[in-house]
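Participant: Protein chains in written order, with this note's numbering: chain C, 1 to 321; chain S, 1 to 528.
Cross-link-like lysine-lysine pairs, in silico, DSS-like; alpha carbons within 27 Å at most:
#, chain 1, residue 1, chain 2, residue 2
1, S, K431, S, K399
2, C, K191, C, K91
3, C, K46, S, K109
4, S, K95, S, K149
5, S, K109, C, K278
6, C, K278, S, K264
7, S, K264, S, K277
8, C, K191, C, K125
9, C, K224, C, K124
Here chain C is said to cover these stretches of chain S; the calculated rule only asks that three of the stretch's residues, wherever they fall, bring their Cβ under 8 Å from a Cβ of chain C:
#, stretch
10, 102–113
11, 278–290
12, 473–479
Calculated from the structure, these hints are not laboratory results.
Every value quoted in this text rests on a predicted model; they were computed, and no experiment measured them.
The beta carbon of each residue, even a glycine, is placed where N, CA and C say it ideally should be.
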Amino acid sequence: MSKMSKSSIKSPEKAPFSSRFLRVMRMDWMLYLMFLPGLLYILIFKYAPIYGVSIAFKDYRIGMSIFEAPFVGWKHFVDLFNRAAFLRALKNNIFISLEKLIFGFPFPIILSLMINEIRGGRTKKLVQTSVILPNFVSWVVVYGLFYAILSPNSGVIRDFANLIGYQGSLPNLLASPSAARPIIIISHVWKGAGMGTIVYLAAITGIDQGLYEAAAIDGAGRWKQMWHITLPCIRTTIIVLLIFRVGEMMYAGFDQVFVFSNDAIVSQIDIIDTYVYKLGLQERKFGLSTAAGLFQSFTGLILVLATNAIAKKVDPESGIM
Amino acid sequence: MKAKKLIALVLSVVMVLLLFSACGGGGTTSTSGTTSQNSTPADTSTPESSAPTQSQTTTDDEGEAPVITILSDGDNTPNADNLVVRELSERTNTKIEWTYVAGSEAEEKRSVMAAGDNLPDLFEIGSLSEGMDFMNGGLLYDLTGLEDKAPNLFANAADLLDLAPANANGIYVIPSGELTYADNLNLRKDWLDNLNMAEPTNLDELYDVYYAFTYNDPDGDGVDDTFGLCANSSIRSFDTIFGAYGIPIGENILLDGTVTTYAKHPHYLDAIKYVRKLMADGLVEPDWLTIPNMDMFGKLWNGTAGAIEWECVGPTNNWMPGRYTEETPPEFCFPIIEGPEGKHGVQAKFPSVSTGVAISSKTKDIDAVLRVLDYLCTDEGKALLYLGVEGTSFNWTDKDNYQFEYLGDYQDSTYQRSDGIYVYFWLYKTKDPFEIHTLNEQTQEGVAQAWDNMLTDEAIDCQVDIQARIDYGSDMDAIIDEMYAALLTADSDDQLQSIYDEHISRWETEGHGTEWEQEITEWYNSTK
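Just need the whole structure built from these sequences, with the hints factored in.
Facilitator: In structure tokens:
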């Protein structure tokens, strides 16, 4: 029966794709026109430069065209992985990224849940603005702030120690190998957490208020409402942001590490980006630095795909693709 | 609706145009109206092809002054439009566009410009590898046969041209042959006088002086707010101390017939122990590892620290008196400190043949570029760079003996530098540095004393292209720097030997130091 009815209904003959496309284009030409600059931007600045990654497989030197540089296959990758300094940077990169993920990722979620529980409108706005502000401070200034606080000679901590009558020496935490990574993580969380809350707060705002009212009638307190309504409702947002964050795992924060680095702690915080900067910009080893960059991007892609697959397995509705 | 469509159309067109203008920027416009990026790659694919051609040497048809782009570095911030650049343009019949960057960023800036095929007409070569890379990449103009166009320039560099490693097949880098300043121990003499102490002559006396500077109220203000020595993370902060142990910091040494790093000197750990004692007793800047350079100087300027190891040109000349905040500017002396074996000295400096100045192979008007460079090598040109314009910023009081006086606002060094005076000389310093004559008497004596005090015999001058150094130079240096910091911050002296051994082993293997030692020793033996 269903077979008959299906065959008996004749679908109207479809126009060729090109003419349908042109018709749509003509109909919404204003929208397509405004889309054009964005498309060109992506093509020119994001896709066209990709041909430059071929430097990773070529013996490119300053002054020669990329096309005429001789092909050397995996030479730069082999050289890179034979360098102890690169392997150290890779190890640091992984540790710092993981620590940032473990401590930095949940923090904005907790912060947004806490901000959401603030009832006074003005107080809420004040807190929101206060936690977002550090995001707009450059890492150079952030380092200046940390230096002004932690300097054993002229920092706030020194002043406080003097105030309470302690005249002894203080450790220089900015030059302490054991304190280096914690300081990197703390400054990362302090600077970035506020900005991360924006997305979560937006997601929380979209939750149906009826759910909270129903839960309240059923006797759920604010903690239970948060646990059983708010968190599940923003789960998809959390997963999407987690996938993005995991995709950035190979980029542990060049600006931050660059300004915080010194000879005493470089062994703890030198990352791939700072090592590549030295190879590429200071020593003009473009092949090696491009190989390192390509390795970072490729690893990032694999991580995104893997996280996405896991997320989809756990919850088929989540994931980014 | 029509208005909306019109706005959409206009906005889209504007955005597309902006996009394309962003893609096409960056070329420096020459006087003929073309951009320097328009040259075909084939023009510069080999060093040989950078020889001057008829089209490259033609000047502007309309008789306008040709635009010459220059990149140099330093630690000042001159105004974009300033007296020196204006006057130089006028005197050389050119239009100079001079880009000035911080010294720490200069080589990176040039690398980026070179990678973008966008080097200026005239720029510094800051290291041996940079000169070799640029020369091999065909980015440098071969000046062979153009000697008569810049007689003063070539007269200064005549005996150096063949020594420059980049000049094996032409003249690509003009070495300055300049002997840079060596370090002095600049010690507050007024504080010594206040404490009734004599100038120290050995390490024990130096310790006593630093101790008194820290704990005996040398400025007599009744407040415990001073310490002995300014320092930062550079080993140069303790140049005199390492010198007292016979160690020429930063240089290569000969050890049992092998050329190696100064860090392998047998007394390296002895010097480290002495510095650690100064640090442990609170006689040195506590923030030494993290303090920014200017903040370190600031401790001297505001009377917190009583000494600094630096070329005396800063403390007794360039910073005097404007930088000092005390009512009476400090007085300095330059003691020479002997070590346990009677040795003394500071890091050796050698006339540089691997650094200098170079001209881009893409330059449009080689005659004009050489004219500018040559003018800077004349006495008149040097006077312009160091003193400004006669009658405007300075007047000679005794020209034959380089006696002069700054005029009006130009007596203030900050004002001088903002108007381009004493700012651009780093582009190319001649062998006979005019700069010395502009220094006050005490500083001239200090400079001469520092040069006499250099550990020249202990150091090996290695301005040569060694493959292991090209491949792993930064890794080698990084390990030595990390070792220095680790040794000075170690919990106790008992740990020093193991830290030292571990880092030296890393330097030899991970840093390919052993490989480099073999190569450079072979080179050294072949040149003996």
